[in-house]
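Protein sequence lines, in the order shown, are assigned to chains C, V and A.
Position 495, counted from 1, in the first sequence is what my numbering calls 495; the numbers after and before it change by one each time, with no gaps.
Position 189, counted from 1, in the second sequence is what my numbering calls 1189; the numbers after and before it change by one each time, with no gaps.
Position 113, counted from 1, in the third sequence is what my numbering calls 2113; the numbers after and before it change by one each time, with no gaps.
Treat each hint with caution, since some may be false.
As the list claims (entries may be wrong) - Here are the simulated lysine-lysine pairs, DSS-like style, with alpha carbons at most 27 Å apart:
{"no.": "1", "chain 1": "C", "residue 1": "K139", "chain 2": "C", "residue 2": "K53"}
{"no.": "2", "chain 1": "A", "residue 1": "K2039", "chain 2": "V", "residue 2": "K1185"}
{"no.": "3", "chain 1": "V", "residue 1": "K1185", "chain 2": "C", "residue 2": "K142"}
{"no.": "4", "chain 1": "A", "residue 1": "K2004", "chain 2": "A", "residue 2": "K2039"}
{"no.": "5", "chain 1": "V", "residue 1": "K1192", "chain 2": "C", "residue 2": "K53"}
{"no.": "6", "chain 1": "V", "residue 1": "K1411", "chain 2": "V", "residue 2": "K1280"}
{"no.": "7", "chain 1": "A", "residue 1": "K2094", "chain 2": "C", "residue 2": "K219"}
{"no.": "8", "chain 1": "A", "residue 1": "K2039", "chain 2": "V", "residue 2": "K1075"}
{"no.": "9", "chain 1": "V", "residue 1": "K1034", "chain 2": "V", "residue 2": "K1021"}
{"no.": "10", "chain 1": "A", "residue 1": "K2039", "chain 2": "C", "residue 2": "K142"}
The hints are simulated quantities; they were obtained by calculation from the structure and are not laboratory data.
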Amino acid sequence: MATIIIDGREIRCRDGINVLQAALEAGFDVPHYCYHPGLSVVASCRLCLMEMKMPDPRTNEPQWSPRLVPSCQTPVRDGLEVRFDSEKVRANQRSVMEYYLVNHPLDCPVCDKAGECYLQDYSYRFGQAASRVVDPKHKNPKKDIGPRTLLYQDRCVLCSRCVRFTQEVSGTSELCLVDRGHRAEIDVFPGRPLDNPLQGNVVDICPVGSLLDKSFLFKQRVWYLRTAASICRGCSTGCAIRVDHHEDRVYRLRPRWNPGVNDWWICDRGRFGWDFIRAPDRIVSPQICRGGEAGRVDWSSLPTMIRLRIEQVVRRHGPTSVAAILSPEMACEEAWLLGTFLRGLAPGAPLARGPVFVEGQEERFPVGCAPGQERFIIRPEPHPNRRGVEAVIEGLGGESADLEEILGRAAGGAIRALWVVGGYPRPDWPDQALLAAAEKLELLVVQDMLPGALTRRAHILLPFCAWLEREGTFMNHAGLLQPFEQAVQPPEEALPDGQYLWALAGHAGLYRAARVREMMAAGLPGFDRPHVPPEEPEHAH
Amino acid sequence: MSGFEPVLLRNVGVEGVRTLKVSESRGGWAAARKALTTMTPDEIVEEVRRSGLRGRGGAGFPTGVKWSFLPKDRKHTVLCVNFDESEPGTFNNRYLAEHDPHLVLEGILIAAYATRADLAYIYLRAEYHELFHILQRALDEAYAAGWFGADILGTGYRLECHIHRGAGAYVCGEETGLIESLEGKRGWPRIKPPYPAVRGAFGRPTVVNNVETLACLPAIIERGAEWFASIGTPGSTGPKLYTVSGPVNRPGCFEAPLGLTVRELIEGDDFAGGMAGGRKVKAVIPGGLSVGILTADELDCRLDFTDVLNYGLLGLGTAGAIVIGDDADMRKVLANTARFYAHESCGQCTHCREGTGWMARIAERIAAGAGRIADLDLIVELCGRMGMMSGMSICGLPDGAAYPIRLIVEKFRGELEEAIGRQPPGYTERYIRDRIPSVYALPVLQAGAAPARERAVPA
Amino acid sequence: MAWKAIDRITPADDDGDAPVLSEAVREKIRSFFPRYPEKRAALLPALHIVQDAVGYVSHRAMRDIAELLDIPPAQVLDTVTFYSHFWTRPRGRKVVVACRSLSCHLTGAEAVIEAVKRHLGIGEHETTPDGAFSFVTEECLGACEQGPCLLINERLHGRVRPEDVPRLLNDPDNDRLDVPRSDLYDGIRGPTGEMEGRA
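Next comes chain C alone, as it looks inside the complex (with noise of 0.2 Å):
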């Protein structure tokens, strides 16, 4: 720990960063683009100039330097003094807010990056008001860049945030630098376009609107965007993600800081894989079938004929030949909550988590890293949850069984009931398996997403909401808990599973994970307090 002096005031800051991101961390609005935490240090755009304290030469007085020193590029050291409260600071500040605008397009009213771009912030917050450009503008062709990535060089700052992260995080170095001067324009090779799976980062990193998402490209106005914290279903890493979304439409999702999990960045499968959720064929009611009809049925009747058809089956058949497959696309919660309500009605039922599929292989960045060098990894589970799953039955005690067991003694009709639980947004679910034992069933009960084979053979058909519908927790492959948020509402009809399995479970009122985590710690120690990342410094970007 070493203590520095910003204008003033005492900053305990942690050792080894700069005196930028000491600044940040203490709540100082210090203007900066190119410098980001997750980068390296360039230097160039020099903004976050200050003034420092150096020795004099001749006294060893402590004096304030003549010169400007960028805080990005001064590492923090026991008894520094700075300041960025000062007219020297503030001018330059002022002077290179109005060079960034000597050429730029001021087009705020189409821009998408308008109310959430940082060259609108720091022009507001420390630029000046009146143009002295009287001379004509450059202006640089608008140039398609990759198959989700548009580039608006006149927008640009220059600051090369997203050359550096082609370079230093995904390693696939599309992005580059032509010219010089200030006819610089960043580019790619042409045919080798900006197309890797970290690629959607060089848009967030973007402190302007230079750099643009083609599925964003005037779909919504920032300001109108509410923003959900949640975690990345796309596989097992957990990424914390944020979700903008209005009117419950989800418009886009976006990295959110978590050290050590996921930094700053998501992959792009994350982060452009939830189209499902807009399915027009979504399973939105409950649905019970009787002589071969399917018929609608009200949520609120729904626990008391869930129940009976269930006690039915143990009141014939005992209390094993009940079952039920734990999906993990399922949050602790909602996992846990089913499987006491079943437990409950069946003490003996055993449970098994649901398949587990394999995507690919592990997908290590920077590409060809050497291994320990690793700044993101796609893993090859497509699930976000597979771990909260074992764990909550686990938890649970009772019988755990694996897949094929249950599938074996259902097709053996030693199970009589069995709950599965769905919502894998792929083709390849269910597999015959799974249908083969389902035909032999006196209950079946499905909570899947997408209407198949499996769904048209259920008794009970229950929505499974999409996890932007729906919060909870999940257990990435390390082990971390951490929770989401609900963003979005599900679509009208459907209820959260978490609310229905809470009705079922005969609680009273709304679901909050937070209390069944608080129920759950009993057999679960530490779900009370999972993991939730940091806060990001609220100037820092």
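Since chain C is already given, all that's left is putting chains V and A on it; use the hints.
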């Protein structure tokens, strides 16, 4: 010039001196032999330090001190010879190496030995084609004679020396820009620390020295630090190559002890021999474009490392004087100067990238007869905002841009204002209005890419 | 709403399937590797050699070089475009470079530049239809005492007067050097003196 015998240019005009044989017959390579066989590297560093030799590339940093920054426990050291001479008005290195390539190579060997470098690169600017061939052939000959390569003079010392050709970028004369360019990258100067002495080319301790600086070394080794220090003025020791260009009778490269006055350089019979065509001096840019400008009243300025500061100049620079006659239009001088820096700014730091580009457009407009008095104030203000000295940038290029541009406006403000006053009423307003809806045609750095194919996004 | 954007996703027109660098040129580039601790440092020499061998640095040539030096093609593009010496589209057999910096400007460069344009009938960065000449202006060529000066390929011409320009440009030997050349940075020439750049 009485009493002064040229040191660096002593072989100019000697028939065949580009060959090793003639060079050796004229005493070439003797100092290198002395250094390698009778002195330790540290003794050479000390000798150079005592000589007071300061870098001739522009910044004037004491060479011996620069060498002493190298870490003591270093393994591989790189010597970069800065032959990227691109400062307008400057050609002393070219002139020297064209006439006496072996003197330059000998200086390189001595410096490499003193810094215990095992690799030396001569970063030669691309435009010096003829010189490349001269220097490369001299280098080949020196290699063949055992002055480079393994076990030089049987001392066990090994030095590989290569010419690395630049490709047309002024900023590569900045030492870390040069290193980046040497490594095959765009010549963007590096942030410091780490300084090249600690971590330079290829991550190795690196020294970057100017050609003329290195050419001084043989004489220092041969005749001693005291002799060298006795030449010139206090704090500015040794001989210096001065160059003169512009409308003078004898433009060229001249050697004199440091401390020559601008007036002597322009008017002296041993030097440029006065103005050509009956012109008078209006102004002089005395040390390469970047140092700033002197008026006709300031010709008594002594060209050493200290007196130039009394005239508001950035420094001695390269001592390449550009003489401006009374027939020149200072608006065009201003526009030409501003354009140079806009063209050569590397584009890394905001102040320099945007500031030089903006000023070039303003100056271009002033030269086109559409200036405003407010533009002059704006230019001075923009100049005051850029540069390493104020902390606004990574390298010194914007200081070098700010000095001449600001000083031209400040020292010739009367003439510029008068010219602006002569513009037809309303012309500036019309000029600006006619161009505002249009966009600035970007000056091309190089022949552009193939015609663009366009597509709609989103599709 | 949609925008027109330049297509950078499909390869450039001068980026064909077949490599353009001959094995001889590759070998020449490889001969520079031992000079540097890192292979990438051979990039500038490689670009000089390729420009000489092929005439300019095409996108395909950039890719060939990238492969040879084990770096991403974008890094080659980045470096190529930073330097004004390299051409990324075909140029004339003789490149005329006029100095436009202050010393030459003061000694009459403007008139010389106009004379060159008039004689060749082309503007800056243009090439004559017969491919004989390209013309550019450049910042200081470092021959200020000889201003105004012109560089024709490797040969520098000093103290050029506008009236000298036609004679100078018509002289077939106007790019011949008086000094013995080193072929270190040259492209590979065949027995007839023709470049053997293309594979």
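Comparing the hints with the structure gives:
1. Restraint check: the Cα-Cα separation between K139 (chain C) and K53 (chain C) comes to about 42 Å, which exceeds 27 Å; the hinted pair is violated.
2. As the CA atoms of K2039 (chain A) and K1185 (chain V) are separated by approximately 12 Å, the hinted pair is consistent with the 27 Å bound.
3. Only pairs whose Cα atoms come within 27 Å are accepted, and K1185 (chain V) paired with K142 (chain C) is accepted, the gap being roughly 25 Å.
4. A threshold of 27 Å between alpha carbons decides the hint, and for K2004 (chain A) with K2039 (chain A) the separation of about 39 Å lies outside it, so the pair is violated.
5. Proximity of K1192 (chain V) to K53 (chain C) is assessed by CA-CA distance (about 18 Å); at most 27 Å being required, the pair is judged to hold.
6. Between K1411 (chain V) and K1280 (chain V) the alpha-carbon distance is near 17 Å, which keeps this suggested pair within the 27 Å criterion.
7. For the hint pairing K2094 (chain A) with K219 (chain C), the CA-to-CA distance comes to about 52 Å; that exceeds 27 Å, so the pair is violated.
8. Distance restraint check for K2039 (chain A) and K1075 (chain V): the Cα-Cα separation of roughly 20 Å lies within the 27 Å cut-off, and the hinted pair is therefore satisfied.
9. Between K1034 (chain V) and K1021 (chain V), the direct Cα distance comes to roughly 18 Å. Compliance with the 27 Å bound is thereby established for this hinted pair.
10. Restraint check for K2039 (chain A) and K142 (chain C): not satisfied, since their Cα atoms lie roughly 34 Å apart, outside the 27 Å limit.
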